[in-house]
Amino acid sequence: MRKVDVLVVGAGPAGCVAAWQAAAAGQLDVLCIERDRAIGAPVRCAEGVGVAGLREFLDPDGAPWVARRIRQVVFLAPDDTEARVKAGEEVAYVLDRTRFEPALADEARRAGAEFAIRTEAAAMERLNGGWKVRLEGPRGNEDVLARVVIGADGVESMIGRWAGIDTRCPSRDMESCAQYVVSNIDFDPDALYLHFADAWAPSGYAWIFPRGVGVANVGLGMLALKGDGRNARDYLDGYIERYFPHGTVTGLTVGGVIVATTLKRTVADGVMVAGDAAHMINPLSGGGIVNAMKAGRLAGRHAAAAIAEGDTSAARLQRYHDDWMALLGDDHLKYYRIKEALNKLDDAFFNRLARTINGIPIEKRTLGRIFAHALINHPALLPVAARFFV
Amino acid sequence: MPAVLAKPHQIAIVDNDLCDECGLCMPLCPPEAIHMTRKGLLVDRGTCTGCVKCIAPCPVGALEMVDA
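Residue numbers (the numbering used here), protein chains in the order written: chain V, 1 to 390; chain G, 1 to 68.
By construction, these hints were calculated from the structure, which means they are not laboratory data. Even glycine gets a Cβ: it sits at the ideal position worked out from N, Cα and C. Some hints could be false.
With the C-beta cut set under 10 angstroms, the calculated list includes, among others, these residues of chain V facing chain G [unchecked claim]: (1) SER157; (2) ARG168; (3) CYS169; (4) CYS177; (5) ASP198; (6) ALA224; (7) GLY255; (8) GLN318.
Keeping only pairs whose Cα atoms sit at most 35 angstroms apart, straight-line, the calculated DSBU-like set for lysine-lysine is [what the hints assert, rightly or not]: (9) V:LYS364 / G:LYS7; (10) G:LYS53 / V:LYS3; (11) V:LYS334 / G:LYS39; (12) V:LYS264 / V:LYS364; (13) V:LYS344 / V:LYS132; (14) G:LYS39 / V:LYS132; (15) V:LYS3 / G:LYS7; (16) G:LYS39 / V:LYS344; (17) G:LYS39 / G:LYS7; (18) V:LYS264 / G:LYS39; (19) V:LYS226 / G:LYS53; (20) G:LYS7 / V:LYS226; (21) G:LYS53 / G:LYS39; (22) V:LYS334 / V:LYS132; (23) V:LYS364 / G:LYS39; (24) G:LYS7 / V:LYS334; (25) V:LYS344 / V:LYS334.
Under 7 angstroms between C-beta atoms, here's a sample of chain V residues computed to sit facing chain G [to be verified]: (26) GLU107; (27) SER171; (28) MET174; (29) ALA178; (30) VAL181; (31) ASN184; (32) ASN231; (33) ALA232; (34) ARG233; (35) VAL254.
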């Protein structure tokens, strides 16, 4: 039976960075497997990412995996009032995930990690202080004995389940998402649009993320519990018909975004789960790419350190969980409370808020000032603020 | 002997023609009855309790209830 030090399951942002960091830490045998036929595809993502976290991992300047540099965030109210809220030379990026993950995998491979595509973990059991994992790939089945398994296997995670970690999520914390790639449409190609309206995306938002001039990812995330019985794709069809009736739809993707706080337990003996698999998504924005990379970095480094120390027990790996909570997990508890408060506000509130923002001179529209104005003019926001600072 | 659990009248099934294999339904399932297989998503008939929590959230309406 083949033996590896670290088996990473899933070659998304969490898995690629985990493999990269584990391999970079020393002379370890690191194998990263990916169920799909290609690393980075199919894309199941809106592909928007904030600039700050991204630069900790890869340099976007001139990179082939950048679809579009974003200079502005536009908030659209339910009545279609536009409020431009954040501007700068470099606010965010829209990625081309079909090239982004391969770039991360490149870093991991150069650090010494090995990749196997179209290969999935089918079962695992404890053996000799490690995990025996059955891999199913294009050349048949193979058992691998791993000292540490990192489950970066997404919303559909099985690694956590097999290790006895409860990865379930209540339906009130599951955003149902659908997205089309739409071309031949008119919008500001330098701006991310976030559209809040119960009619279009109950307890979520619709988005327009530019991939280029005239081409964008147009999608939405919604809570099915708050919907009218139609599914996310039906809602999206309604949105496209209303706003982009002449656009050309060239792609469809659907998926679930878990807008909860981090799993109570993300480790077991010889196992860590990271990224979407560990519910590490920002529950307010639904963004998960940078979070996944930061979690992958922690998981990879802790895997290497634990192996060097000769202790891969849950008690040792708990330091991964604690580091994650200190880095971002505790913030997600606050964001979750804000999300819950925002879900109680109605369309009329967002319409008023957009007008308030537009009353502030554009050069003075810092987020802090918007927040202060919003508080003065919209007492309904007070509970939001109170929860945030508690 | 424990009481025999009542069998659900209806259980969920996946329409694999509609399903995009996004896996959204998997963490929603209380008894973890939904599995990703090489042939697509599959609901384990013996484990599904008919709770319908997976039905509405499916982005493409690929899950439906049928008589058990």
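> Are there hints from earlier that the structure breaks, and if so, what are their numbers?
Replying inline: 5, 8, 9, 10, 11, 12, 13, 15, 16, 22, 23, 24, 26, 30, 31
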